[in-house]
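Colleague: Read off the chains here:
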Amino acid sequence: MRTLITFMKTGRAACMSHLDLQRAMLRGLRSAGVRPVYSAGFNPHPKLSLALPLSLGFESLCEYLEVTTASPFSASIEELNRALPDGVVVAGVGMVAERSASVASLVRYAEYDIVAPNPPCGSIAEQIDSYLAQERIVAEKENRKKARTDEIDIKPMIKGFVSERRVGERARYACTLSAHAGAVLNPLLLMRSFYGFCGAPAVNDDEFIVTRTKIILAK
Amino acid sequence: MNDPLTEKDCYRLFAEYGTMPHIIRHCAAVSRASYLIASELRAAGLGIDPALAGRAGLLHDMVRTEANHAERAAEIVARYDAAAADIIRVHMHYDLAKDAASMTETDVVALADRSVLEDSYVGHRKRIEFMIQRFSDNPGAVNILREKLAETSGLVASIESLLGKPMGEAARGDAVDVDRLLRRVVKPGRYIGGEVNSARKNLSFVTTRVAFCFPDLYEIGMSYTGLQIIYGLLNSMEGVCCERAFAPAADMEALMREEGIPLFTLETHSPASHADLVAFTLQYELSYTNILNMIDLAGIPPLSSGRAEGDPFVCAGGSCACNPEPLADAFDFIVIGDGEDIFPVICGLHSKWKNNGGARREFLEAIARVEGVYVPLFYEPIYDGSGKYLRHDKKLDCLPDRIRKRSVDDLDNAYYPLSPIIPVVEAVHERAVCEISRGCGRGCRFCQAGHIYRPVRKRTPERVRGIIDAQLTGTGYDEVSLLSLSVGDYPGIEPLVAGLMDDLKKRDVSLSLPSLRLDTVSPDMLARIASYKKSSLTFAPEAGTQRLRDAIRKNITEDDILAGVEKAVSIGWNRVKLYFMIGLPTETREDLDGIVSLAETIMQRARELRGKEGRGFGITVSVSNFAPKPHTPFQWARGNDEETLKEKMFYLKDRLRSVKGVNFRFHDTRVSAVEMMLSKGDRRTFAAIRRAWELGCRFDSWREHFKWELWARAFEETGARIGEDPYTDSGAPLPWDIVDTGLGKDMLLREYEKTLNFGENNIPASAPAAAERDDE
Ligand code: SF4
Chain A
1 MRTLITFMKT
11 GRAACMSHLD
21 LQRAMLRGLR
31 SAGVRPVYSA
41 GFNPHPKLSL
51 ALPLSLGFES
61 LCEYLEVTTA
71 SPFSASIEEL
81 NRALPDGVVV
91 AGVGMVAERS
101 ASVASLVRYA
111 EYDIVAPNPP
121 CGSIAEQIDS
131 YLAQERIVAE
141 KENRKKARTD
151 EIDIKPMIKG
161 FVSERRVGER
171 ARYACTLSAH
181 AGAVLNPLLL
191 MRSFYGFCGA
201 PAVNDDEFIV
211 TRTKIILAK
Chain B
1 MNDPLTEKDC
11 YRLFAEYGTM
21 PHIIRHCAAV
31 SRASYLIASE
41 LRAAGLGIDP
51 ALAGRAGLLH
61 DMVRTEANHA
71 ERAAEIVARY
81 DAAAADIIRV
91 HMHYDLAKDA
101 ASMTETDVVA
111 LADRSVLEDS
121 YVGHRKRIEF
131 MIQRFSDNPG
141 AVNILREKLA
151 ETSGLVASIE
161 SLLGKPMGEA
171 ARGDAVDVDR
181 LLRRVVKPGR
191 YIGGEVNSAR
201 KNLSFVTTRV
211 AFCFPDLYEI
221 GMSYTGLQII
231 YGLLNSMEGV
241 CCERAFAPAA
251 DMEALMREEG
261 IPLFTLETHS
271 PASHADLVAF
281 TLQYELSYTN
291 ILNMIDLAGI
301 PPLSSGRAEG
311 DPFVCAGGSC
321 ACNPEPLADA
331 FDFIVIGDGE
341 DIFPVICGLH
351 SKWKNNGGAR
361 REFLEAIARV
371 EGVYVPLFYE
381 PIYDGSGKYL
391 RHDKKLDCLP
401 DRIRKRSVDD
411 LDNAYYPLSP
421 IIPVVEAVHE
431 RAVCEISRGC
441 GRGCRFCQAG
451 HIYRPVRKRT
461 PERVRGIIDA
471 QLTGTGYDEV
481 SLLSLSVGDY
491 PGIEPLVAGL
501 MDDLKKRDVS
511 LSLPSLRLDT
521 VSPDMLARIA
531 SYKKSSLTFA
541 PEAGTQRLRD
551 AIRKNITEDD
561 ILAGVEKAVS
571 IGWNRVKLYF
581 MIGLPTETRE
591 DLDGIVSLAE
601 TIMQRARELR
611 GKEGRGFGIT
621 VSVSNFAPKP
631 HTPFQWARGN
641 DEETLKEKMF
651 YLKDRLRSVK
661 GVNFRFHDTR
671 VSAVEMMLSK
681 GDRRTFAAIR
691 RAWELGCRFD
701 SWREHFKWEL
711 WARAFEETGA
721 RIGEDPYTDS
731 GAPLPWDIVD
741 TGLGKDMLLR
751 EYEKTLNFGE
761 NNIPASAPAA
771 AERDDE
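Protein chains in written order, with the working numbering: chain A, 1 to 219; chain B, 1 to 776.
No lab work stands behind these hints, which were simulated from the structure alone.
Treat each hint with caution, since some may be false.
Claimed, not checked - Here are the simulated PhoX-like cross-link-like pairs (lysine-lysine), alpha carbons at most 25 Å apart as the crow flies: (1) Lys388(B) to Lys745(B); (2) Lys219(A) to Lys155(A); (3) Lys354(B) to Lys165(B); (4) Lys146(A) to Lys187(B); (5) Lys47(A) to Lys505(B); (6) Lys141(A) to Lys187(B); (7) Lys155(A) to Lys214(A); (8) Lys98(B) to Lys201(B); (9) Lys754(B) to Lys145(A); (10) Lys577(B) to Lys660(B); (11) Lys141(A) to Lys159(A); (12) Lys47(A) to Lys506(B); (13) Lys214(A) to Lys8(B); (14) Lys47(A) to Lys145(A); (15) Lys126(B) to Lys98(B); (16) Lys159(A) to Lys214(A); (17) Lys577(B) to Lys653(B); (18) Lys219(A) to Lys47(A).
Unchecked claim - Here are some chain B residues the structure puts well away from chain A; computed CB gaps all over 10 Å: (19) Arg79; (20) Pro139; (21) Leu163; (22) Pro188; (23) Gln228; (24) Met237; (25) Asp311; (26) Ala366; (27) Gly441; (28) Thr473; (29) Glu494; (30) Thr644; (31) Asp740; (32) Glu753.
To be verified - Now the stretches of chain B that chain A is said to cover, found in silico as 3 or more residues with beta-carbon under 8 Å: (33) 5-12; (34) 189-200; (35) 416-430; (36) 476-483.
We treat Cβ as the ideally placed atom computed from N, Cα and C, and that holds for glycine.
The whole structure should be built from the sequences, with the hints applied where relevant.
Modeller: Dropping the structure here:
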């Protein structure tokens, strides 16, 4: 039986890594009396999958976890929340139709809310327009394996990018980015590329406050 | 009447109503400020409920994007919490033209809301002026805002005079701002707290605040059962709360120093120095520089003698406390022995002392009389003209001459945590742990744990099962470990393990037996354990020849080992780990060769048994360096110097290379040389530790951080030399004699002499029989 859990990861819980979160989820479920099915094989692991990894340091309002159990899912939202660390908050629990595709394979886009210091001068909206009007939008992507940075065209991966407003020294942006397997665009890559385009002063990655607001699934 | 909403309930409402992330952050900031301001006002005598103000603050803007958001939010909240709803309903249109003395929770929330910009507390002036700028093209709005500013300023002035401090200070509480550092460090999860089962005590009901400090990284400290025991115990007491602090990693330490952030606790992120008792655990000598570093990061004066009224009491306990001298100058008191009985006594005395408003010294005098508490300031070590240690002189007549170790008699009734904290960052061990016994009766002469934790005490199998069951339910762990110095010696271990395994299998939980000695295990049990791959099989012969094993009183023979290996191989095990020590008293080259030939014999036997397929079998030979430890028969022994140890290691490495299937692991000889200096140190050793810390030594037990040159320099500059040992004369007093573990020194000496009589040519007729075990 498959169950889809919707949850938030907010506040300091943003400091939990993907693996830390997986472990916390497994324990939370077990402690709330839910026993995930284990895979067969030499090194059995529980059938538990997060729809889309969230970078360390990002908050999220909308995360999905799919879990397979042998018996019907019995825990209440309250029981789960009691068994999870602060900031990881389950908002909903729902059954998944038996033969449907896994939630991870249904992910198409993700929406982000970004607060960033040192916004470019002038009208941010206009600069976004001309940024998006480029034929190719080049971003530098770190290639850890080969220890170099590659230039890639991220234009096809940007579905939406707007500036919300300016708050003193900071600005807020919202974007909708491709997130399906093989074409996941990290919002920081977009921000760095945009700041570069505008000639705005460089900002360290850790100064962007990023919140994932939505994961958009295929119908 | 419903229970008040919890924080998690509130976040669920956010999720349900789609509250935007920046609004949630704003709400949390208002909630925090409301709670803290309300707490201050309450402390000043107003009848205000800080928790109510905090709840209302958290939810006040939950539907800010809707029209009439205050009314709408109040409607939703009213279903759960009428009082909070009333506050929320009016928070937008509220008149603050009043006096501090007449304030209600509603006023507090409105004030906090007018003082928080986005997600940070900036004070009402900045906040309102920001709005004025924003509406500068709307004179009507500006006028209203100016009125609000004047009105709020009047209230704030009145609050400030009531509280006697600036508003900004009142609203901050004592939390430090770590959030801005967290994005800049590796594994920030180490510093966030908020774990399942961590304590959330309401500080307004607490008199004695304890900061339990573990002098190593989060993931090391969180695997230490002693922390979970003391933490759970103290937090189960009324009026006491225990928070945790760990040594920050180098990157975090650098940022903290740069930004002026002191050592903080994970529970409240407040400075550790705000605790009443700052308690360190002494688990290994190589954590000593981390302790000095943490005291420094906390901003606490480094020496006990330099602390004044208002400073916290810095204390310590744990196994290394049996020689309290090397760090005695840093601690106000040191607890010797088991902590379960004594910590409640100390906290009780502290609460009483604090409520009475006594002087610092009065508290120290009170606890110095408690059995098991050592107050170093009251005991002065005396040396003769040549610097030879003579004795400790006590400063108060009413104190005992020696500090008697504290020991819990009845483990079954002693506190044990049923809901341990679950680490948020992967720790070394993540499993339910039940300590099944404390102490070990085998009496191996080199072993400190075996000597200082006597007598052997056990938990009954019923209690063990109860603990495991409760822990699994409370944590969701999928592994259980039985903790003991020697699991196999637990009477009735086989039925216990058999029963547990059956139960655990049904729950998808595995069992690990970390200190299982192969020779104590029956084939039946071995077969059972084999069904769980997590347990590793280990043997600790410690020495390569029977002569040396007898000399150190390690009751294990080559036949035992081979029989164990045979058992293991026949069940299909393909890896066994063997532990040895080098540098033991009376050791010769033959004993080193014995390690090699034992490895050869085992491999050969395995090949015989497994035939052709035997190729997959291997052994790990792990060799550590003997370091003499206080309160053992070998306390007078001189450890090998660093060069000798290194030469022996290379010799073994070289010889073992030719034995196929052997994986050789060894310990850093330089680390051991420093460890020896610290474990047999006296009060003067503190100068070297302090100097090493000043020079930059940290995390010395981590090979990549250990800095030999700095340690050598530190000893040299403080008048000592690594390798020196002034305490080898069995007739002379020892500085750690100040601790009375209950073992007679004459007994230890007799045991030591027996070893010396086992010199090379003095092979005994028979090995010491098991009957000789002293289960005293
Ligand atoms: S068996 Fe020997 S080495 Fe092990 S704990 Fe007991 S006394 Fe110490």
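Colleague: Next, verify each hint and record whether it holds.
Modeller: Going down the list of hints, with the structure as the test:
{"no.": "1", "hint": "Lys388(B) to Lys745(B)", "result": "holds (20 Å)"}
{"no.": "2", "hint": "Lys219(A) to Lys155(A)", "result": "holds (24 Å)"}
{"no.": "3", "hint": "Lys354(B) to Lys165(B)", "result": "holds (23 Å)"}
{"no.": "4", "hint": "Lys146(A) to Lys187(B)", "result": "holds (24 Å)"}
{"no.": "5", "hint": "Lys47(A) to Lys505(B)", "result": "holds (18 Å)"}
{"no.": "6", "hint": "Lys141(A) to Lys187(B)", "result": "holds (22 Å)"}
{"no.": "7", "hint": "Lys155(A) to Lys214(A)", "result": "holds (20 Å)"}
{"no.": "8", "hint": "Lys98(B) to Lys201(B)", "result": "violated (33 Å)"}
{"no.": "9", "hint": "Lys754(B) to Lys145(A)", "result": "violated (60 Å)"}
{"no.": "10", "hint": "Lys577(B) to Lys660(B)", "result": "holds (15 Å)"}
{"no.": "11", "hint": "Lys141(A) to Lys159(A)", "result": "holds (19 Å)"}
{"no.": "12", "hint": "Lys47(A) to Lys506(B)", "result": "holds (18 Å)"}
{"no.": "13", "hint": "Lys214(A) to Lys8(B)", "result": "holds (20 Å)"}
{"no.": "14", "hint": "Lys47(A) to Lys145(A)", "result": "violated (29 Å)"}
{"no.": "15", "hint": "Lys126(B) to Lys98(B)", "result": "holds (21 Å)"}
{"no.": "16", "hint": "Lys159(A) to Lys214(A)", "result": "holds (14 Å)"}
{"no.": "17", "hint": "Lys577(B) to Lys653(B)", "result": "holds (16 Å)"}
{"no.": "18", "hint": "Lys219(A) to Lys47(A)", "result": "holds (23 Å)"}
{"no.": "19", "hint": "Arg79", "result": "holds (16 Å)"}
{"no.": "20", "hint": "Pro139", "result": "holds (23 Å)"}
{"no.": "21", "hint": "Leu163", "result": "holds (28 Å)"}
{"no.": "22", "hint": "Pro188", "result": "violated (4 Å)"}
{"no.": "23", "hint": "Gln228", "result": "holds (16 Å)"}
{"no.": "24", "hint": "Met237", "result": "holds (23 Å)"}
{"no.": "25", "hint": "Asp311", "result": "holds (29 Å)"}
{"no.": "26", "hint": "Ala366", "result": "holds (38 Å)"}
{"no.": "27", "hint": "Gly441", "result": "holds (37 Å)"}
{"no.": "28", "hint": "Thr473", "result": "violated (7 Å)"}
{"no.": "29", "hint": "Glu494", "result": "holds (27 Å)"}
{"no.": "30", "hint": "Thr644", "result": "holds (43 Å)"}
{"no.": "31", "hint": "Asp740", "result": "holds (44 Å)"}
{"no.": "32", "hint": "Glu753", "result": "holds (53 Å)"}
{"no.": "33", "hint": "5-12", "result": "holds (count 4)"}
{"no.": "34", "hint": "189-200", "result": "holds (count 7)"}
{"no.": "35", "hint": "416-430", "result": "holds (count 5)"}
{"no.": "36", "hint": "476-483", "result": "holds (count 3)"}
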